[in-house]
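These protein sequences, in sequence, are chains E and B. Take any residue in the first sequence, count from 1 to its spot, add 97: that is its number in this note's numbering. Take any residue in the second sequence, count from 1 to its spot, add 97: that is its number in this note's numbering.
Keep in mind that the hints were calculated from the coordinates and are not lab data. Watch out, some of these pointers could steer you wrong.
Any copy will do: because identical chains look the same in the list, a pair fits if it lies in one copy or spans two.
Unchecked claim - Computed list of lysine-lysine pairs in DSSO-like fashion (alpha-carbon distance at most 27 Å, straight line):
1. Lys495 <-> Lys571
2. Lys351 <-> Lys457
3. Lys640 <-> Lys351
4. Lys154 <-> Lys315
5. Lys571 <-> Lys640
6. Lys315 <-> Lys640
7. Lys116 <-> Lys351
8. Lys500 <-> Lys315
Protein chains: 2
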Amino acid sequence: MTVLPPPGSPDIDIARAVKPWPIFEVAQRKLGVAPHALIPYGHYKAKLDLAQIDATKQGKLVLVTAITPTPAGEGKTTTSIGLTDALNSIGVNASVCLREPSLGPCFGVKGGAAGGGRSQAIPMEDLNLHFNGDFHAITSAHNLLAALIDNHIHWDNELDLDPRRITWRRVMDMNDRALRHTLVGLGGPAHGQPRESGFDITVASEIMAILCLSEDRKDLQRRLGNIIIGRDTSGRPVTARELGADGAMTVLLKDAIQPNLIQTLEHNPALIHGGPFANIAHGCNSVMATRTAMGLSDVVVTEAGFGADLGAEKFIHIKSRISGLEPDVAVLVCTVRALKMQGGLAKTELDEPNLDALSKGVVNLERHIQNMQKFGLNPIVAVNRFPTDSAQELTAIKEVCLKMGARVEEATHWAEGGEGAKAVAEAVKTVLETEEVNVNYLYEDAQPIDEKIRTVATELYGAADVQFNIAAQKQLDEIHELGFGHLPVCIAKTPYSFSSEASELGAPEGHVLPVRELRLMAGAGFVVAICGDVMTMPGLPKKPAALNISLDDDGEIVGLF
Amino acid sequence: MTVLPPPGSPDIDIARAVKPWPIFEVAQRKLGVAPHALIPYGHYKAKLDLAQIDATKQGKLVLVTAITPTPAGEGKTTTSIGLTDALNSIGVNASVCLREPSLGPCFGVKGGAAGGGRSQAIPMEDLNLHFNGDFHAITSAHNLLAALIDNHIHWDNELDLDPRRITWRRVMDMNDRALRHTLVGLGGPAHGQPRESGFDITVASEIMAILCLSEDRKDLQRRLGNIIIGRDTSGRPVTARELGADGAMTVLLKDAIQPNLIQTLEHNPALIHGGPFANIAHGCNSVMATRTAMGLSDVVVTEAGFGADLGAEKFIHIKSRISGLEPDVAVLVCTVRALKMQGGLAKTELDEPNLDALSKGVVNLERHIQNMQKFGLNPIVAVNRFPTDSAQELTAIKEVCLKMGARVEEATHWAEGGEGAKAVAEAVKTVLETEEVNVNYLYEDAQPIDEKIRTVATELYGAADVQFNIAAQKQLDEIHELGFGHLPVCIAKTPYSFSSEASELGAPEGHVLPVRELRLMAGAGFVVAICGDVMTMPGLPKKPAALNISLDDDGEIVGLF
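Here chain E stands alone, though its shape is the one from the complex (with noise of 0.2 Å):
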């Protein structure tokens, strides 16, 4: 048997110690799935041949996701996986679905995207470095896709592309702050049109967002043709599919629209796949991994980024919408760390008991559980225990959610693995079993974009009131001119806080939503409203994680994780 390093050791020491078993192995026996059905990437990854698959169970589904985040985050994906992997020590047959880390935060703060502790996916250095090479391809289909329409305007412009107003730029998987604004073309007549342009993170692109929103191939390059990638002179909307691009973009993403598999440290399958950031794009995993998943398994756990206001109102308002898939149940992630920092404290004060600022704080959980109650989804609070909670601390937070109607257990899987979530898995469990739930969308297809936003933002952030300004306007008044109206709308804002301020901490009210720009992704199906100064490509801190990144001398990584 193995022997696990002690709870608190580096996450990759624990990963470390676990021996994987070969994917095929896993596949076959917890999914059923045969040898040739598995595109092994190594021994220990692969993608799924969907061809190859009859996924025809009618598995549960369910959403983690968690309060108002610390920044190093609540433990979403660490629970997602603890909790799976206490469904099956109880009986359940469950997998879990993942999101794909970007490669910008890994070089950027110090951290990998696999969980931590003993609830880990692995192995994480191949997950959190390329992987399986999914956002690469869609780096390389949007960026042809930016050089066919640079390259139709240098030559003839048969579609008489106005330089000025084309709207898709370029992405890159990396934080880099210098390419957010930037001039292309320069040079002379030789090296294309000068224009204005610029970069997003590859996980903001909208083809991160179709590959997740996606059913199939042929939805896939449907989606893809139908990207606006600006105007002609006249003011019409043209499209990928009036250059020619969507083929060929398909082709780029034939491999990367398979889900990629790999395991848990209890051995439970990992579906992983697609990645966009919740705060940014509409972050949740693909809808192809997430159906696929449950036509294999009884149950499917799947996070949705950052806290509820975020990732589980994208999760339901555009994910579920589009894809008809609805959570049965939902767990809510909390912290007694970070209610302390909703109540005031600095990160540096928080490993001492406080029942002042935690009382403070539990504001905070208190909206999201109601915010959650008004999807009609009452959740399951799973309190994220760390070493230094006290019991005072933690019988606080059980108190506020029942008093809020929400059921609340406590969760140690970070130090014992599935055995510390068994207690959040019999709960998930009955709650499967005995109830039956029916999810309230908050607004409907008919709404105009800015009511949608109005909705978000009064009924789940405790807005007043949203302004857009003078730019954001005008689109706005396109979007509806060009009869986009009917879209769901993705609020790109900061986590941490429910209004765009990341200072405003607790549960603000009366607060005003600063829209500054509104981006129509046609091909995914929704639009973008940028608020405050949330930012579509990141920049690195003063000294990025990068510079104490290395091999050692037997060619294993450190400073990653």
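Got chain E sorted already, so can you dock chain B onto it with the hints?
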């Protein structure tokens, strides 16, 4: 037994008619490499885990080069593959080492890069699209360094970098002329320092050259650290090591430096690794792949890009010089068609016999034979036959070769596979068994950079002189002042003429080679001399191949090959 489509069928139809062996079988039966030493990427591709491989043979090396090619190529890759299959068919244990294709040209001018006809490497779709991710890893490592540079300047700029003198650009594996000259860092103080920069295609990255020239992981990191990214305000060159970037870049490349294994249509091992273009870079397969293949096979066939003036010259002056790997024999591929083009015919006039044009064009062949003889490599000329070649034309070529003292054989591997290259294989076998080669280097390390360029230009290109423009002259002086005058040179110029003008056919003499820019690649270990109007970022043509590429209803790629 496999029935292949008739000669002249589309490459993709021939490739798809052959059922590949599982890659484990190719490795075990043909290279003696055990399954645990392979990292599979799907069922028919793998990376070699060099730490697990005992490569102790002393294999011989066959360098395949060519006359000045037509835009369709002379069939070097096809001949390398056909020759390898032929060697195996006559009882010689042989493998082939090739370069990885770039995505850029795939979407520009139609055509993959996996050989052709019955001499192909398979699976060709995967080889042409993303393959095992090496180029994406190089792109990431290159752009991480760029992001770290701009980030360093944005914060305190402790190294006092001069934003005007940063020479490290960004790269993308795409033909995108609009990125050649850019301004980055626009938009205000939150978005970096505005400065001029631009993008090259990934194959032109110094990191591609470093990957191809490194002996192992440590040597890779050492060379990455040696990259000079620009100057500080005092004019002192600053390295990637000083920025602290070399460790993280090495981590991004840890899988990419392992050679890839696929197979020929006749199930012989093809090690495909690294892929710089020989017009703008050094254009050879990686040292690690070549050396590993020579340790596992009795004979290794490898190619060097474009004509012998580019690829073979760089193979010897750069790859052999740095690694010590010297060819034991050279094969010079030529076609009747290309020699008729060198004699002045248009592409549309090549199907008819034309002895006049041919006799005008053979001066090109003569110059290439003579050049190879100067290196101490009396070549075996392989006439890569086309159905349109006439007997008289073939005889005329043979007479020229014999007059020059070179051996010559016809080859029909494109139509017949390995069987068609048996005569070349027998000639290669005889030379390897009976002759000792001493490779001559035409210049010494100690000669200054300009003399080295002049030597190549006058000795091999037939030039009367070399002219440095003012910028290049300044760069030349700087390189000498910095103490890098001992490095070899890598001349970037058109592949379609011995001169820097694509229109100068045959064997031009008395021309002047105009050097417009010198790029010091201190990590790779050479100086690039950019001549004439050659571009390090290609553009797309008016009707890019991308517009015809798509998936058919069965999910198979159409239009790419």
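### Query
At most 27 Å between C-alpha atoms: does Lys116 with Lys351 qualify within a copy, between copies, both, or neither?
Only across copies: Lys116 and Lys351 sit 21 Å apart there, 31 Å inside one copy, limit 27 Å.
#### Entry: Lys640 and Lys351: within-copy, between-copy, both or neither at 27 Å Cα
between (38 Å within a copy, 23 Å between copies)
### Task
At 27 Å max between alpha carbons, let me know whether Lys154 reaches Lys315 within a copy, between copies, both or neither.
within (23 Å within a copy, 50 Å between copies)
### Task
Give the relationship of Lys315 and Lys640 under a CA distance limit of 27 Å: within one copy only, between copies only, both, or neither.
Between. Shortest inter-copy distance 25 Å satisfies the 27 Å Cα cut-off; intra-copy 44 Å does not.
### Query
How would you classify Lys571 and Lys640 at a CA-CA limit of 27 Å: within, between, both, or neither?
Classified as neither; 39 Å inside a copy, 35 Å across copies.
### Message
With identical chains, the pair Lys351 and Lys457 could be close in the same copy or across copies; at 27 Å between alpha carbons, which is it: within, between, both, or neither?
### Response
neither (50 Å within a copy, 48 Å between copies)
### Query
Is the C-alpha distance from Lys500 to Lys315 at most 27 Å within one copy, between copies, in both cases, or in neither?
Intra 48 Å, inter 60 Å, cutoff 27 Å: neither.
### Query
Are the CA atoms of Lys495 and Lys571 at most 27 Å apart within a copy, between copies, both, or neither?
neither (47 Å within a copy, 73 Å between copies)
In summary, the structure is inconsistent with hints 1, 2, 5 and 8 from the numbered list given earlier, while agreeing with the others.
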